[in-house]
Amino acid sequence: MEVAKTRNYVKALRCRECGREFPPLRVYVCKYCLGPLEVTYDVKSMNLDRGTFKDRPKTIWRYHELLPIDDLAKVVDLGAGFTPLHRCNRLAKAIGLRDLYVKDDTVNPTNSFKDRPASVAVSKAIEFGAKAVGCASTGNLAAAVAAHAAKAGLPCYVFIPANTEVSKVLQATIFGAKVIAVNGTYDEVNRLALQAAEYFDWAFVNINLRPYYVEGSKTLAFEICEQLGWRTPDHIIVPTASGALLCAIWRGLNQFWQLGLVDRRKTRVTAAQPEGCAPIVKAFKSKSDYVEPIESPQTIAKSLAIGDPADGVYALKVIRESGGVAESVTDQEILEAIKLLAKTEGVFAEPAGGVAIAVLKKLVETGQISSDEEVVCCVTGSGFKSLDVLSGNVPQPTIIEPVLEALGKVLN
Amino acid sequence: MKVKLYGALKEEAKEKEVEVEASTIEHLLKVLATRYGSSFAEKIYDRNGAVKRFITICVNGRDIRFIDHLRTALRDGDEVWIMPAVSGGSNNLTREVELVDLKSLRPAEYMDLKEVLALYAEILKTGMVSRPILVDRESYVILDGHDLFYSLDMLSAVKVPIVKIDLSSVRVRSLQHGLKPITKEKIVEAGIKGPKLPPKSFRVLVEIPQISIQLKDLLPTSHKDAESLKVYNSTLELLYKGWPTPLVKLNSLSSDKRSVWAKLEGFNPFSNSVKDRIAWSMLSEALEGGALKQVIYEATSTNTGIALASIANMLGVKARLYIPQTIQKVSDIYLEVLGAEVVRLPISLTVEAIDQVDLEAKADNATHLNQFENDANFKVHLKYTARELDLQLQSLGLKPSCIIGGLGTSGHMSAISFYFKNKYGDDVKIVGVQPAPNEVIPGIRRIETGMKWFHWVDFDEIVDVKQVEAIEAAISIARREGLLIGLSAGAVVHAFNKISKDEGVYVLVFPDSGYKYAEQFENYFKNLQERRRCDVH
Chain A
1 MEVAKTRNYV KALRCRECGR EFPPLRVYVC KYCLGPLEVT YDVKSMNLDR
51 GTFKDRPKTI WRYHELLPID DLAKVVDLGA GFTPLHRCNR LAKAIGLRDL
101 YVKDDTVNPT NSFKDRPASV AVSKAIEFGA KAVGCASTGN LAAAVAAHAA
151 KAGLPCYVFI PANTEVSKVL QATIFGAKVI AVNGTYDEVN RLALQAAEYF
201 DWAFVNINLR PYYVEGSKTL AFEICEQLGW RTPDHIIVPT ASGALLCAIW
251 RGLNQFWQLG LVDRRKTRVT AAQPEGCAPI VKAFKSKSDY VEPIESPQTI
301 AKSLAIGDPA DGVYALKVIR ESGGVAESVT DQEILEAIKL LAKTEGVFAE
351 PAGGVAIAVL KKLVETGQIS SDEEVVCCVT GSGFKSLDVL SGNVPQPTII
401 EPVLEALGKV LN
Chain B
1 MKVKLYGALK EEAKEKEVEV EASTIEHLLK VLATRYGSSF AEKIYDRNGA
51 VKRFITICVN GRDIRFIDHL RTALRDGDEV WIMPAVSGGS NNLTREVELV
101 DLKSLRPAEY MDLKEVLALY AEILKTGMVS RPILVDRESY VILDGHDLFY
151 SLDMLSAVKV PIVKIDLSSV RVRSLQHGLK PITKEKIVEA GIKGPKLPPK
201 SFRVLVEIPQ ISIQLKDLLP TSHKDAESLK VYNSTLELLY KGWPTPLVKL
251 NSLSSDKRSV WAKLEGFNPF SNSVKDRIAW SMLSEALEGG ALKQVIYEAT
301 STNTGIALAS IANMLGVKAR LYIPQTIQKV SDIYLEVLGA EVVRLPISLT
351 VEAIDQVDLE AKADNATHLN QFENDANFKV HLKYTARELD LQLQSLGLKP
401 SCIIGGLGTS GHMSAISFYF KNKYGDDVKI VGVQPAPNEV IPGIRRIETG
451 MKWFHWVDFD EIVDVKQVEA IEAAISIARR EGLLIGLSAG AVVHAFNKIS
501 KDEGVYVLVF PDSGYKYAEQ FENYFKNLQE RRRCDVH
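Those protein sequence lines, which keep their order, are chains A and B.
Sequential numbering of the first sequence, starting at 1, is according to this note's numbering.
Sequential numbering of the second sequence, starting at 1, is according to this note's numbering.
No lab work stands behind these hints: they were computed from the structure.
Wrong hints could be hidden among the right ones.
Here are the simulated lysine to aspartate or glutamate pairs, DMTMM-like style, with alpha carbons at most 20 Å apart [claimed, not checked]:
#: 1; chain 1: B; residue 1: Lys4; chain 2: A; residue 2: Asp201
#: 2; chain 1: B; residue 1: Lys501; chain 2: B; residue 2: Asp464
#: 3; chain 1: B; residue 1: Lys30; chain 2: B; residue 2: Asp68
#: 4; chain 1: A; residue 1: Lys58; chain 2: A; residue 2: Asp71
#: 5; chain 1: B; residue 1: Lys52; chain 2: A; residue 2: Glu38
#: 6; chain 1: A; residue 1: Lys266; chain 2: A; residue 2: Glu373
#: 7; chain 1: B; residue 1: Lys4; chain 2: A; residue 2: Glu198
#: 8; chain 1: B; residue 1: Lys14; chain 2: A; residue 2: Asp201
#: 9; chain 1: B; residue 1: Lys164; chain 2: A; residue 2: Glu292
#: 10; chain 1: A; residue 1: Lys31; chain 2: B; residue 2: Glu11
#: 11; chain 1: A; residue 1: Lys31; chain 2: B; residue 2: Glu15
#: 12; chain 1: A; residue 1: Lys266; chain 2: A; residue 2: Asp234
#: 13; chain 1: B; residue 1: Lys10; chain 2: A; residue 2: Glu198
#: 14; chain 1: B; residue 1: Lys14; chain 2: A; residue 2: Glu198
#: 15; chain 1: B; residue 1: Lys399; chain 2: B; residue 2: Asp426
#: 16; chain 1: B; residue 1: Lys52; chain 2: A; residue 2: Glu17
#: 17; chain 1: B; residue 1: Lys52; chain 2: A; residue 2: Glu292
#: 18; chain 1: A; residue 1: Lys31; chain 2: B; residue 2: Asp46
#: 19; chain 1: B; residue 1: Lys52; chain 2: B; residue 2: Glu207
#: 20; chain 1: A; residue 1: Lys282; chain 2: B; residue 2: Asp166
#: 21; chain 1: B; residue 1: Lys230; chain 2: B; residue 2: Glu388
#: 22; chain 1: A; residue 1: Lys287; chain 2: B; residue 2: Glu98
#: 23; chain 1: B; residue 1: Lys164; chain 2: A; residue 2: Asp289
#: 24; chain 1: B; residue 1: Lys52; chain 2: A; residue 2: Asp289
#: 25; chain 1: B; residue 1: Lys2; chain 2: A; residue 2: Glu198
#: 26; chain 1: A; residue 1: Lys285; chain 2: B; residue 2: Asp166
#: 27; chain 1: B; residue 1: Lys10; chain 2: A; residue 2: Asp201
#: 28; chain 1: B; residue 1: Lys16; chain 2: A; residue 2: Asp201
#: 29; chain 1: B; residue 1: Lys466; chain 2: B; residue 2: Glu519
#: 30; chain 1: A; residue 1: Lys11; chain 2: A; residue 2: Glu21
#: 31; chain 1: B; residue 1: Lys249; chain 2: B; residue 2: Glu503
#: 32; chain 1: B; residue 1: Lys241; chain 2: B; residue 2: Glu227
#: 33; chain 1: A; residue 1: Lys31; chain 2: B; residue 2: Glu12
#: 34; chain 1: A; residue 1: Lys282; chain 2: B; residue 2: Glu207
#: 35; chain 1: A; residue 1: Lys287; chain 2: B; residue 2: Glu138
#: 36; chain 1: A; residue 1: Lys31; chain 2: B; residue 2: Glu42
#: 37; chain 1: A; residue 1: Lys287; chain 2: B; residue 2: Asp166
#: 38; chain 1: B; residue 1: Lys16; chain 2: A; residue 2: Glu198
#: 39; chain 1: B; residue 1: Lys196; chain 2: B; residue 2: Glu109
In this text, all values refer to a predicted model and were calculated from it rather than measured experimentally.
Construct the complete structure from the given sequences, taking the supplied hints into account.
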C-alpha cells in the first residue's frame, strides 16, 4: 500500500435520533436517548476530486478519507471492494429493461459484501485495542469477520442461528473462528451476542462497533458511481435484512453529492425482501412509519432472515425520500431469479441476490420500474455459500457411459 | 423477579441485576423509573410517554412484543432483560397515540360508577394514564376504555389520549351473555344517537398499547394560578378580587334578534348585593384619608348596612345602622349576627334619616360615610362596575343598546350612564327604574326624593314600577331562569318588559338576590290566595 498515512476526517459520532454528538470512541448508542450513533465527517476540509482516486488500490480503501480509520497503514485489508459492475444486456432484455447493471459482490474475499464492513470494523477493533472480535451473523458476516480476524491475528467469536447454511458455517470455521451456533432466530442470536459483548468485553463488529462497521458498506455506492463514470444510476435495488446496507448506500450517494464527485440527481433506492421475512416491505406498503418485527422468519434467503431490522425505520425513510419502493418475492421467485441471473449473465448469486433480481423483475412487470430507467441491482453474496438450499432445485446432470453414442442420446 | 440491565441502562442504574416485585412489564418499568430517577425514566420513555423504540425487553428470553407487550404478566422466578435494541422495530399502535379534546369522543356505553371510581383513584394516586382510549376513526365512538373516558371526565381532563382504529377492520366480541350479539352498527349508533349500551357490553379484539402520560398534561392549563382557582388570602380580597360579578344571558327573554343579559350583583360576598362595592369604596377612602373613627353610623335599607358591618368587622370598628320601619324585619337579625347596632326609624325612606344620622354621628364622634353624598359611591361604580360590564360585553363582541337599572342613591346607574354614554354616545339607551308613587321597593326610590349623581348624567327614560309588579317579575325570572332575584331586580325586569323592543342588546343590572325578601314574597302569596278565595266566592 503506497498511500501514506493520512488525516482522519471523522468529526464525531452523532445520535441518529436526538442529534447529540459524542467523541468517536467505542460507543454505539446515545447515552441520553439510546438512539443509534453514526459517524460524521468534516467533508468540507476533504480536498477530493475524481482524479484523486485514479491511482489508488482497487479496494474499499481507495475511499479512505470517507472511512472512520486513523491509520491507513494498519487497516486489515484482504482486498474487499471494487467488485465488478457488470452491464447485463441479456438479463436486461429478459426482464424488459434497457440499461441494467449488476454490482457483483460475490467476488469479495469471502464472497459477500460483508467483507466491506468487516474490514473497517476489524481495523477499528484493533485501533481500540480489542483483544477479540466477534459478531452476530446470519452467516456471511461470520465468514467475513473470521477471515479478517485471522489476517489480524485476533481471536474471533461468531454467533449464528443453528440453521445457518453449512457452507457458511464451514467457511467461518476454516478461518479459525469459534463458531457458536444458537438454537434460535437471528434476533435471539443478536441479543445473546449483545449480552456476551458486555460480559466479555469483546469487540462485536455489528453491535458495539456498529457505527464504524456500517461505514464499510457505503463503499458499494461509491464504486457504483465511479464505475458508471462518476455519475449515479436512476435506481438501485438492495437486498434488505436489517436495512443497514440500504441506508449505507444512501449515505454513500449523499457523501459523493456533497463532495461534488457526482451531480446531484435523484436515485431511487428500493428494498428487496423475501416474503417470509419482509417487515420493511409490510411497513412500506401499509404506509406505516414503524416496522413490526416478525418472530419467526421463514425463507430460503437466510442471510435476509432478520425479523427485527435494526435500521428498518431509517431504511423506510430512505426508500420514501428517494422515491423508491419496497417489494417482496416468494422463495420460488427467488430460485427462478438465481437461475435467470446465472444463465443470462454468468453470475452465481446466493438467495439474497436472487431476491434483488426477482424484485427487479416484479417491479418491471408491475410498471413500478419503467423500461428506460437505468437500474443497478446489488448481488451481495455468492451462490456457493448457499449450496444446500439450492442443490435440490437444479436438475441433476445426466450420467452417461464414456461413449459417443451415449452423448448423442443425451444431446438429442 | 430478576431484572438484568444492559448497556446505558446498566450504567444509569449502576447495577446490572436487580430483584423487583412487579405484576407486569409496565409495572416493572414504573418501579425501575421510580427507583433510578428521572434520567433513567428518560431513557425508557419517549416524550409521548411511550416506551422507546430502542429498548428491547425480554421475559425469559422472549421479546415482549411477541407476548403481550407491556402488559406481559410477570411471575415469581421470571427473568427480565432490558437492553438497548441493536435491532429495533416497534409497536405500531403505541406511536399513533394522540391527544384530542375529551368532548370530541362519543361513548357507546354508559358509566359504571364503581369501575370508574377504581380507575379514578388509580389515576389520582399515580398521576399517570397508562393506556389510550380506542376510538373508531370515523365516528370517534369509543370502542375501548369507557372507564378511562369517564374517569378522565370526572378528573376534569380536557384532553384524552386516543388511538384511532377502523371499526370495520377489527373483530368485536359481544359480552352481553344471553342477549342478541352487539353489531358494529349498534355500537356506532349507541355512540352517536344513543341510547347508550350498558357497561361492558362489548370488547374489540385489538392490542391496546401501553403509554405513560401524565394526568397534568390532560388537564386545562388555564386553571393554574390561585386567583383563577378562586383562592383568596382574606375575606376582603374575596370582594374586590372576586370581580367581575357575572354577566349572564337570560335566554327566556332573548330571541334571535334580541339578547338580554343580567349583571348579577348578588354575587358580591357580604350583603349579596351591589352595595358591597360602595361600602368597600367608602370605607377604604375614609381609612386612607384618616377619617375613619372607631364607629360608623349609616342610614341604610339593609344592604349597605350589611356590607358596612361586614367590612367594619374586618377593620375592627363598630357600626350603627339606621333603618326605616318599612324595611323587612329579617335585616335586623342579619345585622345582629354581624354585631351591628340597629336603630329602626319611623320613616319610609332611608334618605329621610340623613340629617338625624349626621347629627348623632357628630355628637358621638362617629363616622358618617353617607352613601347618598359620598363620591366614593359613584367612583367605585365608574372604575369597576361600568368598566367590567363593558369588558364583559366586549368579550362577546357586543355593544349594549340599552342598560336598565334601579335608582337608589343613583350611584351605580349614574356611573354606568356616564361611562357608556361617553363611550358609545346616544346609541346606548340608559333607563332608570323607580317605584311608582306611594310604592315601597327596598333599595330604590323616586328621583324627587333627591339623588346626587343622577343629575350629573343623562337618562333616556325613567320607568315607574309597583311593588307587586316587581315581585311578579322576580317570580317570573325565578320560574323561567331559576334565579331568585331581589325586588329591585324584579323592578328592573318589569321595566324591561315594559320598554323593550324586539331587537338589540339589553343589559339588566340586578342589584341583589331574593333571599332577604321572604317577607315580601310571603305577603304577596298570602294576598294572592286571598284574592283567589274572593274570586271563588
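Hints versus structure:
no., hint, in the structure
1, Lys4(B) - Asp201(A), "holds (17 Å)"
2, Lys501(B) - Asp464(B), "holds (18 Å)"
3, Lys30(B) - Asp68(B), "holds (17 Å)"
4, Lys58(A) - Asp71(A), "holds (18 Å)"
5, Lys52(B) - Glu38(A), "holds (19 Å)"
6, Lys266(A) - Glu373(A), "holds (12 Å)"
7, Lys4(B) - Glu198(A), "holds (12 Å)"
8, Lys14(B) - Asp201(A), "holds (17 Å)"
9, Lys164(B) - Glu292(A), "holds (18 Å)"
10, Lys31(A) - Glu11(B), "holds (9 Å)"
11, Lys31(A) - Glu15(B), "holds (16 Å)"
12, Lys266(A) - Asp234(A), "holds (7 Å)"
13, Lys10(B) - Glu198(A), "holds (10 Å)"
14, Lys14(B) - Glu198(A), "holds (14 Å)"
15, Lys399(B) - Asp426(B), "holds (12 Å)"
16, Lys52(B) - Glu17(A), "holds (11 Å)"
17, Lys52(B) - Glu292(A), "holds (14 Å)"
18, Lys31(A) - Asp46(B), "holds (14 Å)"
19, Lys52(B) - Glu207(B), "holds (18 Å)"
20, Lys282(A) - Asp166(B), "holds (18 Å)"
21, Lys230(B) - Glu388(B), "holds (18 Å)"
22, Lys287(A) - Glu98(B), "holds (18 Å)"
23, Lys164(B) - Asp289(A), "holds (16 Å)"
24, Lys52(B) - Asp289(A), "holds (14 Å)"
25, Lys2(B) - Glu198(A), "holds (18 Å)"
26, Lys285(A) - Asp166(B), "holds (17 Å)"
27, Lys10(B) - Asp201(A), "holds (15 Å)"
28, Lys16(B) - Asp201(A), "holds (15 Å)"
29, Lys466(B) - Glu519(B), "holds (17 Å)"
30, Lys11(A) - Glu21(A), "holds (9 Å)"
31, Lys249(B) - Glu503(B), "holds (15 Å)"
32, Lys241(B) - Glu227(B), "holds (8 Å)"
33, Lys31(A) - Glu12(B), "holds (9 Å)"
34, Lys282(A) - Glu207(B), "holds (18 Å)"
35, Lys287(A) - Glu138(B), "holds (19 Å)"
36, Lys31(A) - Glu42(B), "holds (11 Å)"
37, Lys287(A) - Asp166(B), "holds (15 Å)"
38, Lys16(B) - Glu198(A), "holds (10 Å)"
39, Lys196(B) - Glu109(B), "holds (5 Å)"
The structure meets every hint from the earlier list without exception.
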